[in-house]
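Asks: Let the hints inform the model, and build the full structure from the sequences given.
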Amino acid sequence: MRRAVGRVLPSLTLNSGMTILALLALVPFGVALSWSFKPLAEIFRLPVSLIPQEVSLQNYSDIFTQHHFEVFFRNSMIAAVGYTALGLLWCAMGGWALSQYKTRIQGPLFVLLFLVIGLPFQVLIVPAFGLIVQIGLANSLIAIIVPFSASAYGILFMRQYMRSLPVEVFESARIDGAGEFRIWWSLALPMSLPGLAALGIFLFLDSWNDFLWPLIVLTTSDNLTYPLGMNLLVGLFHVEYGQMMAASMLALLPVAIILIFMQRQFIAGITAGAVKR
Amino acid sequence: MWVTADGTSKAGFEKYFSEYQKLHPNISLTVEEFPFTDLHDKLSVALLAGTGAPDLALPEISRFSLLLKGSTVGLVDLTDRIAAANMNLVSSLQNNYTYQGHVYGVQTDLNPVQLYYRSDIFKQAGIQTPIATWADYIKAGQLLKSKTGKSMIAIETTDYDVWTPIMLQYGCNFFDTTGQVALGSDQCHKAFRLLVSLVQDKIAIPAPGGDQYNPTFWGAYGKGDVASIWGASWMLSILEGFVPDLKGKWTAQPLPTAPPDATIDTSTVGGNALVITNQSKNVDVAWDFIRWIVLEKPLPDQVYAVPNNTARWTDPVFQKPNDYLGGQVIGQLWLNQANELLQPGTPYLNPDPNNTTAYDVFTRTALAPAINGDKTADQALDEAVAELKSTVGQ
Amino acid sequence: MKTLVRLRASGPQPARLKRAIWPYLFLAPFLVLFAVFLLYPVVSTAVISLEKKEGLGPGTFVGLANYEALLRDPRFFIAVRNSIAFTILGLCITVPAAFLLALGLNAQRLRGKSVFRLLFFLPAAASSVIGAMIGYVFFDRQYGFINTQAGIDVPWLSSAVLILPTIYVVIFWKYVGYQALYFLAGLQTIDREIIDAALVDGANGFQVVRYVLIPLIKPILLVVVVLVILGSAQIFAEPFLLTRGTGGPGQGALTVAMMMWEAAFRQFRFGYAAAIAMVSVFGAILASIVAVRVLRSDT
Numbered sequence: 001m002r003r004a005v006g007r008v009l010p011s012l013t014l015n016s017g018m019t020i021l022a023l024l025a026l027v028p029f030g031v032a033l034s035w036s037f038k039p040l041a042e043i044f045r046l047p048v049s050l051i052p053q054e055v056s057l058q059n060y061s062d063i064f065t066q067h068h069f070e071v072f073f074r075n076s077m078i079a080a081v082g083y084t085a086l087g088l089l090w091c092a093m094g095g096w097a098l099s100q101y102k103t104r105i106q107g108p109l110f111v112l113l114f115l116v117i118g119l120p121f122q123v124l125i126v127p128a129f130g131l132i133v134q135i136g137l138a139n140s141l142i143a144i145i146v147p148f149s150a151s152a153y154g155i156l157f158m159r160q161y162m163r164s165l166p167v168e169v170f171e172s173a174r175i176d177g178a179g180e181f182r183i184w185w186s187l188a189l190p191m192s193l194p195g196l197a198a199l200g201i202f203l204f205l206d207s208w209n210d211f212l213w214p215l216i217v218l219t220t221s222d223n224l225t226y227p228l229g230m231n232l233l234v235g236l237f238h239v240e241y242g243q244m245m246a247a248s249m250l251a252l253l254p255v256a257i258i259l260i261f262m263q264r265q266f267i268a269g270i271t272a273g274a275v276k277r
Numbered sequence: 001m002w003v004t005a006d007g008t009s010k011a012g013f014e015k016y017f018s019e020y021q022k023l024h025p026n027i028s029l030t031v032e033e034f035p036f037t038d039l040h041d042k043l044s045v046a047l048l049a050g051t052g053a054p055d056l057a058l059p060e061i062s063r064f065s066l067l068l069k070g071s072t073v074g075l076v077d078l079t080d081r082i083a084a085a086n087m088n089l090v091s092s093l094q095n096n097y098t099y100q101g102h103v104y105g106v107q108t109d110l111n112p113v114q115l116y117y118r119s120d121i122f123k124q125a126g127i128q129t130p131i132a133t134w135a136d137y138i139k140a141g142q143l144l145k146s147k148t149g150k151s152m153i154a155i156e157t158t159d160y161d162v163w164t165p166i167m168l169q170y171g172c173n174f175f176d177t178t179g180q181v182a183l184g185s186d187q188c189h190k191a192f193r194l195l196v197s198l199v200q201d202k203i204a205i206p207a208p209g210g211d212q213y214n215p216t217f218w219g220a221y222g223k224g225d226v227a228s229i230w231g232a233s234w235m236l237s238i239l240e241g242f243v244p245d246l247k248g249k250w251t252a253q254p255l256p257t258a259p260p261d262a263t264i265d266t267s268t269v270g271g272n273a274l275v276i277t278n279q280s281k282n283v284d285v286a287w288d289f290i291r292w293i294v295l296e297k298p299l300p301d302q303v304y305a306v307p308n309n310t311a312r313w314t315d316p317v318f319q320k321p322n323d324y325l326g327g328q329v330i331g332q333l334w335l336n337q338a339n340e341l342l343q344p345g346t347p348y349l350n351p352d353p354n355n356t357t358a359y360d361v362f363t364r365t366a367l368a369p370a371i372n373g374d375k376t377a378d379q380a381l382d383e384a385v386a387e388l389k390s391t392v393g394q
Numbered sequence: 001m002k003t004l005v006r007l008r009a010s011g012p013q014p015a016r017l018k019r020a021i022w023p024y025l026f027l028a029p030f031l032v033l034f035a036v037f038l039l040y041p042v043v044s045t046a047v048i049s050l051e052k053k054e055g056l057g058p059g060t061f062v063g064l065a066n067y068e069a070l071l072r073d074p075r076f077f078i079a080v081r082n083s084i085a086f087t088i089l090g091l092c093i094t095v096p097a098a099f100l101l102a103l104g105l106n107a108q109r110l111r112g113k114s115v116f117r118l119l120f121f122l123p124a125a126a127s128s129v130i131g132a133m134i135g136y137v138f139f140d141r142q143y144g145f146i147n148t149q150a151g152i153d154v155p156w157l158s159s160a161v162l163i164l165p166t167i168y169v170v171i172f173w174k175y176v177g178y179q180a181l182y183f184l185a186g187l188q189t190i191d192r193e194i195i196d197a198a199l200v201d202g203a204n205g206f207q208v209v210r211y212v213l214i215p216l217i218k219p220i221l222l223v224v225v226v227l228v229i230l231g232s233a234q235i236f237a238e239p240f241l242l243t244r245g246t247g248g249p250g251q252g253a254l255t256v257a258m259m260m261w262e263a264a265f266r267q268f269r270f271g272y273a274a275a276i277a278m279v280s281v282f283g284a285i286l287a288s289i290v291a292v293r294v295l296r297s298d299t
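Protein chains in written order, with this note's numbering: chain U, 1 to 277; chain Y, 1 to 394; chain W, 1 to 299.
Honestly, the hints are just simulated from the structure, not real lab data.
Using C-beta positions, here's what the derived DEER-type ranges look like:
#	chain 1	residue 1	chain 2	residue 2	range
1	W	Arg109	U	Gly107	42 to 48 Å
2	W	Thr60	U	Val169	57 to 63 Å
3	Y	Pro316	W	Pro58	54 to 60 Å
4	U	Ile78	Y	Leu23	36 to 42 Å
5	U	Ile78	W	Ile21	32 to 38 Å
6	U	Val27	Y	Thr79	56 to 62 Å
7	W	Pro215	Y	Gly219	53 to 59 Å
8	U	Thr65	Y	Gly219	24 to 30 Å
9	W	Thr189	U	Ala41	51 to 57 Å
10	U	Leu253	W	Thr189	31 to 37 Å
11	U	Val169	W	Arg210	42 to 48 Å
12	U	Phe64	W	Ile21	50 to 56 Å
13	U	Phe64	Y	Gly327	39 to 45 Å
14	U	Pro194	W	Pro165	39 to 45 Å
Which stretches of chain Y does chain U cover? Using the computed rule of at least three CB atoms under 8 Å from a CB of chain U, they are:
#	region
15	34-48
16	52-61
Even glycine gets a Cβ: it sits at the ideal position worked out from N, Cα and C.
Replies: In structure tokens, the structure reads:
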């Protein structure tokens with residue numbers, strides 16, 4: 001009897017406690033959503049109400065008419081998709097090599113990869129900028145797609161994943177005369193789809209949310225990414241909280257969709273390394 | 001073309017260009033606006049990178065020096081074109097854009113500084129106007145405080161538009177003409193002490209919200225808690241925009257002086273220059289637009305500055321009474337002051353590639369701590385001088 | 001042509017050669033990019049930090065002059081102090097909170113686990129820029145959510161003392177769910193029977209956490225701690241946006257990453273910026289090593 005009570009009570013506290021915490025974590029988004037529907041006059045009027053007294057889509061239309069968030073969105077999408085695709089390709093190839101073959105460079109490469117993985121970005125930013133200028137890629141989307149698509153985390157992640165694939169399948173394919181590239185392309189890649197999905201989400205969000213590097217290499221407004229567009233709203237002469245919130249909500253959209261539909265892969269992409277290490 | 005997102009520049013230049021386009025129908029111009037700091041940050045990086053810059057840009061004087069960084073200047077040298085076009089430019093103004101003998105920009109306007117005050121509040125407190133000297137201004141402030149509890153001015157801590165006019169009026173400069181840090185000079189100490197003393201004497205408050213570009217700042221003015229502000233001619237457009245309800249209650253007068261240190265009853269702050277980047281493929285077209293702006297652009301019905309072309313100062317628009325200032329003929333005051341600014345020896349910001357850095361260092365290390373009362377004026381200024389010297393390697 | 005291929009494929013020597021070349025072919029694109037855009041810049045930063053280099057032109061070797069200048073720059077110490085403050089706040093508040101959150105998420109009796117995970121991870125997946133934007137709406141002195149709803153007048157973003165804790169709140173909100181994810185992954189690998197056994201032996205909830213769970217997930221804890229230290233050294237977007245690139249009143253939220261950006265891309269002192277980068281990176285790595293040592297020795 002006592003035990004049963006003891007179990008019910010904490011379980012109630014646990015569930016309600018976690019619900020309260022989750023709601024707290026969501027309050028900022030709720031406020032952002034509410035503010036995004038407020039007309040400018042209401043945002044700067046006291047007292048401030050939680051629910052918009054007058055629901056307006058003005059902010060959502062303003063960010064496309066007064067500013068060019070459709071361009072920023074497109075640029076960010078191109079960059080994120082390109083970065084993800086390239087990153088997956090390099091990491092799936094490299095990860096495959098590291099998981100299936102023994103090479104002499106393997107040992108030193110691992111050391112390098114682990115060293116680089118957590119290295120604060122600022123350590124390479126000045127020469128990287130110089131390099132981009134020299135190659136003539138400054139102010140181009142390529143500058144934010146290609147250079148860092150060789151992700152150290154990604155290659156280690158794919159290596160880990162591909163090591164868990166059954167080797168017998170590949171060996172029998174080799175005996176049947178399949179070439180190495182074919183084995184990778186038609187066997188290993190399809191078998192690695194869950195891993196690729198997880199890494200893909202990780203890379204996509206990495207690029208979608210990136211701020212510092214695009215801030216440095218992109219200048220003209222037809223090339224800016226979405227976070228840079230939001231940065232412009234902050235510095236404006238008239239502070240436009242409503243537009244800032246509307247822009248934030250739209251930026252969150254792809255992220256939320258990914259999270260809702262691919263939560264498992266998302267989590268796997270972020271934490272795999274931690275558990276395995 | 002890149003301009004600052006100040007609420008007027010983009011619309012202004014689009015309008016000018018549509019006029020210009022009537023004469024030259026086969027060219028087009030896209031005006032893009034960026035927030036103040038982003039404009040200059042992006043432009044300087046784009047010039048350094050050699051790509052990603054627009055044809056034309058309108059940088060602001062205090063951050064113009066950013067564009068001179070790098071081993072070569074990324075702007076088109078306009079020296080010969082200016083000389084050939086016979087523009088009647090104000091030469092002391094043009095000095096700001098002259099680096100190593102080459103002129104890289106054409107400032108659009110002169111910005112003489114006035115003191116704007118709430119005539120209704122001053123009258124209520126029994127303050128005699130016009131106020132002639134800074135000592136009188138302080139006395140007036142004490143009178144105002146004791147009679148009404150109001151403050152004379154809100155002094156910015158995160159921007160420098162209140163500081164610059166005083167600095168230049170006192171002949172203080174960040175760097176001397178040889179590029180040595182001059183911020184530690186007597187004039188600078190005197191100017192800065194004056195500014196800080198206003199807060200110490202409780203006749204000024206640190207700016208709510210930090211600077212004039214924050215709505216909170218104008219909230220204090222809108223409520224009538226603060227009764228005056230000095231600023232360049234464009235201050236009038238800011239007042240009209242931020243506190244429209246105070247129409248008819250403001251009056252402008254020349255800037256108070258402090259003989260023998262600050263004798264001229266005006267100063268200057270701000271100003272934007274048209275520049276052409278060397279990434280432009282249409283330098284001649286861009287230059288012709290600049291030439292047209294300076295020489296032929298029709299003046300609007302209400303001006304907020306004096307054009308950088310002395311030949312246009314006779315325009316009747318300057319004789320128009322201004323409703324916001326209760327019918328005052330503000331244009332004539334501006335012209336009088338502009339003429340003073342033409343005199344040789346009038347202080348201007350010495351051009352130096354580190355002026356922008358100096359502004360940033362001064363604002364964070366001297367202005368903010370001293371105005372907020374964390375440090376004395378001299379102490380804060382000395383620290384800023386030390387930081388500036390080490391930053392520019394002196 | 002055909003014969004040639006067959007000949008080469010059938011001989012034992014070429015076959016082995018082929019196997020030996022393939023891994024390099026697979027690795028080549030990665031290695032090229034990695035070497036050009038990661039290894040070269042890192043090494044180059046070390047070199048540039050010894051040069052006087054303004055803009056992109058060639059620099060001149062000045063030895064340790066940039067480092068000496070750093071030591072004489074009071075702002076650098078402010079930036080270091082702030083970055084350390086972010087690190088300490090992260091280690092002392094975010095990490096324990098994330099662990100507790102993970103415990104809650106891992107509890108058997110929690111219903112709707114995947115929904116909870118979703119809700120807590122949404123801030124983590126949102127960009128720092130979104131966090132900073134919402135920070136403005138929350139902490140605006142006059143019209144912000146906090147002050148207007150609580151009826152207070154606190155200068156969250158305009159006080160030299162408050163700005164760092166305020167920005168930390170934004171960072172906490174973003175990263176607590178992210179770190180909980182790590183802990184959760186670790187907790188899920190722990191066999192429930194171990195916990196049950198401890199409970200049967202009469203251990204209370206606290207003791208189970210302290211003496212069973214924490215030692216078991218120590219490897220994860222190490223990873224998270226290192227992540228926090230290295231992550232704190234590169235905090236940039238939140239303070240950059242919430243102070244409009246200035247570092248805030250009294251430089252109260254200037255971080256080393258911001259100072260480095262400013263030196264490089266607003267003052268174009270590339271040599272000096274490289275020195276800042278070197279010091280901050282080595283500092284962070286050193287701190288990580290110390291933290292790992294300390295945690296390992298403590299059981």
